[in-house]
Amino acid sequence: MKDVKKIETPYAGIDKESYHVEKRRLQVELLKIQQDVVKNEQRMAVVFEGRDAAGKGSTIKRFVENLMPRHYKIVALGIPNDVDKKYWFRRYERELPKPGEIAFFDRSWYNRALIEPTMGYCNEAQYKYFMNKVLDWEHKQQENGLILVKFYLSITSDSQLYRFEDRLSDPLTFWKFSENDLHARERWETFTHFKEQMFNHTSSRRSPWVVINADEKRATRLTAMLYLVQLLGDGSFVPLSGEENKKTYSVKLDGVKFSNLTFRQYAVLKARKRQQKIEDENNAT
Numbered sequence: 001m002k003d004v005k006k007i008e009t010p011y012a013g014i015d016k017e018s019y020h021v022e023k024r025r026l027q028v029e030l031l032k033i034q035q036d037v038v039k040n041e042q043r044m045a046v047v048f049e050g051r052d053a054a055g056k057g058s059t060i061k062r063f064v065e066n067l068m069p070r071h072y073k074i075v076a077l078g079i080p081n082d083v084d085k086k087y088w089f090r091r092y093e094r095e096l097p098k099p100g101e102i103a104f105f106d107r108s109w110y111n112r113a114l115i116e117p118t119m120g121y122c123n124e125a126q127y128k129y130f131m132n133k134v135l136d137w138e139h140k141q142q143e144n145g146l147i148l149v150k151f152y153l154s155i156t157s158d159s160q161l162y163r164f165e166d167r168l169s170d171p172l173t174f175w176k177f178s179e180n181d182l183h184a185r186e187r188w189e190t191f192t193h194f195k196e197q198m199f200n201h202t203s204s205r206r207s208p209w210v211v212i213n214a215d216e217k218r219a220t221r222l223t224a225m226l227y228l229v230q231l232l233g234d235g236s237f238v239p240l241s242g243e244e245n246k247k248t249y250s251v252k253l254d255g256v257k258f259s260n261l262t263f264r265q266y267a268v269l270k271a272r273k274r275q276q277k278i279e280d281e282n283n284a285t
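Going by my numbering, the first residue of the sequence shown is number 1, and it counts up by one from there.
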């Protein structure tokens, strides 16, 4: 599978306490990335694909937990109408992020590569057209400035069955399960075939698939966040170090440069510098 990235995780078997510490550290870095997106008016799309119950929605939830709400959106489209089915790419172009925004796709245009052909929701001509055109379409979006990351969360059949049972037994999550989920499960091997075709034909150096083992929920969420931080962050993040990469400040006062300041120290010295400038201007007059 050319250009498909299978990510090894440093978080396998992570305990609950360590998970929350690491999640906070990664969310701090994600917020810095979002601030850069906003400041530079960039556009970022993060795609999550995978089988039912792979953890797409719950992973996205952890991504956005502490982001600035005005500058991200979650896209989870419903059943397409006849026009949407015909103009497939146009349906998703409408949902791509605006300048200064991150869009998280809980399933995406790749429905046509996975669940639609598995369940017979599209015909062969529609499927082939999509497979032949999607990379060109993505590359065009990237040439127009879109930052695109494509995650595939991979679970085993046993893990999926366990999560289905867990959903059905919980009065707060039973609504997540539908008869259609069961029908898709019955076509496990068919889905696997289309998944492999997707990896083989829709992954490129510019637009690779990033495959994450999703059998452990905590590790899945952290691994996906880590990939984005290492891809787009400043390169200083060290997994599981327990240390937050806090921003420091510097200012020059009376010819002396003060570095590695906290924001409070920076604010005090900056105020002193402004006051000094006012005094110098008054003395000059």
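Calculated from the structure, these hints are not laboratory results. Fair warning: there could be bad hints in the mix.
Label-pair ranges, simulated between beta-carbon atoms [claimed, not checked]:
#1 Asn283 - Pro10: 53 to 61 angstroms
#2 Gln126 - Glu189: 20 to 28 angstroms
#3 Glu65 - Trp175: 20 to 28 angstroms
#4 Thr262 - Asn200: 48 to 56 angstroms
#5 Arg94 - Val21: 48 to 56 angstroms
#6 Glu124 - Thr173: 43 to 51 angstroms
#7 Glu124 - Val21: 47 to 55 angstroms
#8 His20 - Glu189: 32 to 40 angstroms
#9 Gln35 - Glu189: 41 to 49 angstroms
#10 Ala271 - Glu143: 28 to 36 angstroms
#11 Glu189 - Asn132: 22 to 30 angstroms
#12 Val256 - Asn283: 47 to 55 angstroms
#13 Lys5 - Gln35: 24 to 32 angstroms
#14 Arg24 - Arg187: 35 to 43 angstroms
Derived pair list, reagent style DSS-like, types lysine-lysine, alpha-carbon separation capped at 27 angstroms [to be verified]:
#15 Lys85 - Lys133
#16 Lys176 - Lys23
#17 Lys32 - Lys252
#18 Lys2 - Lys32
#19 Lys23 - Lys217
Bear in mind the structure is a predicted one, so any value in this text is a computation, not a measurement. Cβ atoms here follow ideal geometry from the backbone N, Cα and C, with glycine treated the same way.
Results of checking the hints against the structure:
no.: 1; hint: Asn283 - Pro10: 53 to 61 angstroms; verdict: 59 angstroms, holds
no.: 2; hint: Gln126 - Glu189: 20 to 28 angstroms; verdict: 22 angstroms, holds
no.: 3; hint: Glu65 - Trp175: 20 to 28 angstroms; verdict: 22 angstroms, holds
no.: 4; hint: Thr262 - Asn200: 48 to 56 angstroms; verdict: 51 angstroms, holds
no.: 5; hint: Arg94 - Val21: 48 to 56 angstroms; verdict: 39 angstroms, violated
no.: 6; hint: Glu124 - Thr173: 43 to 51 angstroms; verdict: 36 angstroms, violated
no.: 7; hint: Glu124 - Val21: 47 to 55 angstroms; verdict: 50 angstroms, holds
no.: 8; hint: His20 - Glu189: 32 to 40 angstroms; verdict: 38 angstroms, holds
no.: 9; hint: Gln35 - Glu189: 41 to 49 angstroms; verdict: 45 angstroms, holds
no.: 10; hint: Ala271 - Glu143: 28 to 36 angstroms; verdict: 46 angstroms, violated
no.: 11; hint: Glu189 - Asn132: 22 to 30 angstroms; verdict: 24 angstroms, holds
no.: 12; hint: Val256 - Asn283: 47 to 55 angstroms; verdict: 21 angstroms, violated
no.: 13; hint: Lys5 - Gln35: 24 to 32 angstroms; verdict: 26 angstroms, holds
no.: 14; hint: Arg24 - Arg187: 35 to 43 angstroms; verdict: 40 angstroms, holds
no.: 15; hint: Lys85 - Lys133; verdict: 15 angstroms, holds
no.: 16; hint: Lys176 - Lys23; verdict: 25 angstroms, holds
no.: 17; hint: Lys32 - Lys252; verdict: 25 angstroms, holds
no.: 18; hint: Lys2 - Lys32; verdict: 32 angstroms, violated
no.: 19; hint: Lys23 - Lys217; verdict: 12 angstroms, holds
Against the hints set out earlier in the document, violations occur for numbers 5, 6, 10, 12 and 18.
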